[in-house]
Amino acid sequence: DAKTTQPTSMDCAEGRAANLPCNHSTISGNEYVYWYRQIHSQGPQYIIHGLKNNETNEMASLIITEDRKSSTLILPHATLRDTAVYYCIVRLYSGNTGKLIFGQGTTLQVKP
Amino acid sequence: DAGVIQSPRHEVTEMGQEVTLRCKPISGHDYLFWYRQTMMRGLELLIYFNNNVPIDDSGMPEDRFSAKMPNASFSTLKIQPSEPRDSAVYFCASSQGGSLNTGELFFGEGSRLTVL
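Those sequence lines, one after another, are chains L and Y.
All the letters of the first sequence, read from the start, carry residue numbers 1 to 112 under our numbering.
All the letters of the second sequence, read from the start, carry residue numbers 1 to 116 under our numbering.
Keep in mind that a hint or two might mislead.
[Unchecked claim] When the alpha-carbon atoms are kept at most 16 Å apart in a straight line, the in silico EDC-like pairs for lysine to aspartate or glutamate are as follows:
(1) K69(L) x E31(L)
(2) K78(Y) x E14(Y)
(3) K68(Y) x E83(Y)
(4) K99(L) x E104(Y)
(5) K3(L) x E14(L)
(6) K78(Y) x E104(Y)
(7) K78(Y) x E62(Y)
(8) K78(Y) x D63(Y)
(9) K99(L) x E44(Y)
(10) K3(L) x E44(Y)
(11) K99(L) x E11(Y)
(12) K24(Y) x E109(Y)
(13) K78(Y) x D30(Y)
(14) K99(L) x D57(Y)
(15) K99(L) x E31(L)
(16) K111(L) x E31(L)
(17) K99(L) x E18(Y)
(18) K78(Y) x E11(Y)
It should be emphasised that the hints constitute simulated quantities derived from the structure, not laboratory data.
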């Protein structure tokens, strides 16, 4: 699986959009971008994933650049409960491959 | 759905003792994963199963660690003998495979192990 690079930490004001970047310059054509987050002391939680089109769900939006070398996770209206470590992961999308390899992630601190 | 259930939530033991961590995956999920998390090394994949069969155990640190999945609804991670450096939070996760495999893993709340 391709390697990802994320900033170690970021701050965001409550109510504002949080934009979390991720670089994955070695991504291959059949690899997807996944985002998970881990709130303190809890297990990681799936947020969203995508291949090349932008994706949106009730939690967040995922913007993937046209060359697929980077992506941005957007939390449109961050709340204090969004304070967490956010992991960007690249993996093959396959019915026969399940594992996810987590990096160090970005610690997002949402401030009042 | 009850989600992934892990037990015990907290375990404190002495060096040399055997430790058994337990996991009940979500019903219908055919993948089960064991992860370990420490401050120094982050989240590490130890082993994962598909249809109760171990697929990749390359993350298991050494022979002191063993994992089993005797049936689709139960898995154990055993450490024998335990050492202080095994202190960590151990997470179990499950997911669906085949055409329903979206890459979404569902994690339990973790078992915090402290080895004195």
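Hints and how they fare:
For the hint pairing K69(L) with E31(L), the CA-to-CA distance comes to about 11 Å; that is within 16 Å, so the pair holds. A hinted pair counts as satisfied when its Cα atoms are at most 16 Å apart, and K78(Y) with E14(Y) qualifies at roughly 15 Å. A hinted pair counts as satisfied when its Cα atoms are at most 16 Å apart, and K68(Y) with E83(Y) does not qualify at roughly 20 Å. Simply put, K99(L) and E104(Y) have alpha-carbon atoms about 10 Å apart, close enough for the 16 Å limit, and the pair holds.
A distance of roughly 31 Å separates the Cα atoms of K3(L) and E14(L); the hinted pair therefore is violated under the 16 Å criterion. Distance restraint check for K78(Y) and E104(Y): the Cα-Cα separation of roughly 26 Å exceeds the 16 Å cut-off, and the hinted pair is therefore not satisfied. Taken as a hint, the K78(Y) and E62(Y) pair is honoured in the structure, with Cα atoms around 12 Å apart against an allowance of 16 Å. Distance hint between K78(Y) and D63(Y) is fulfilled; the C-alpha atoms sit about 10 Å from each other, no more than 16 Å.
A distance of roughly 11 Å separates the Cα atoms of K99(L) and E44(Y); the hinted pair therefore holds under the 16 Å criterion. Proposed proximity of K3(L) and E44(Y) is supported: the alpha carbons are some 15 Å apart, at most 16 Å. Between K99(L) and E11(Y) the alpha-carbon distance is near 26 Å, which puts this suggested pair outside the 16 Å criterion. Distance restraint check for K24(Y) and E109(Y): the Cα-Cα separation of roughly 12 Å lies within the 16 Å cut-off, and the hinted pair is therefore satisfied.
Between K78(Y) and D30(Y) the alpha-carbon distance is near 21 Å, which puts this suggested pair outside the 16 Å criterion. As the CA atoms of K99(L) and D57(Y) are separated by approximately 11 Å, the hinted pair is consistent with the 16 Å bound. For a cut-off of 16 Å, the pair hint linking K99(L) to E31(L) stands: about 13 Å separates their Cα positions. Distance check on the hinted pair: K111(L) and E31(L) sit about 34 Å apart at the alpha-carbon level, beyond 16 Å; violated.
Between the alpha carbons of K99(L) and E18(Y) the distance comes to roughly 27 Å, so the proposed pair goes past 16 Å and is violated. For a cut-off of 16 Å, the pair hint linking K78(Y) to E11(Y) stands: about 13 Å separates their Cα positions.
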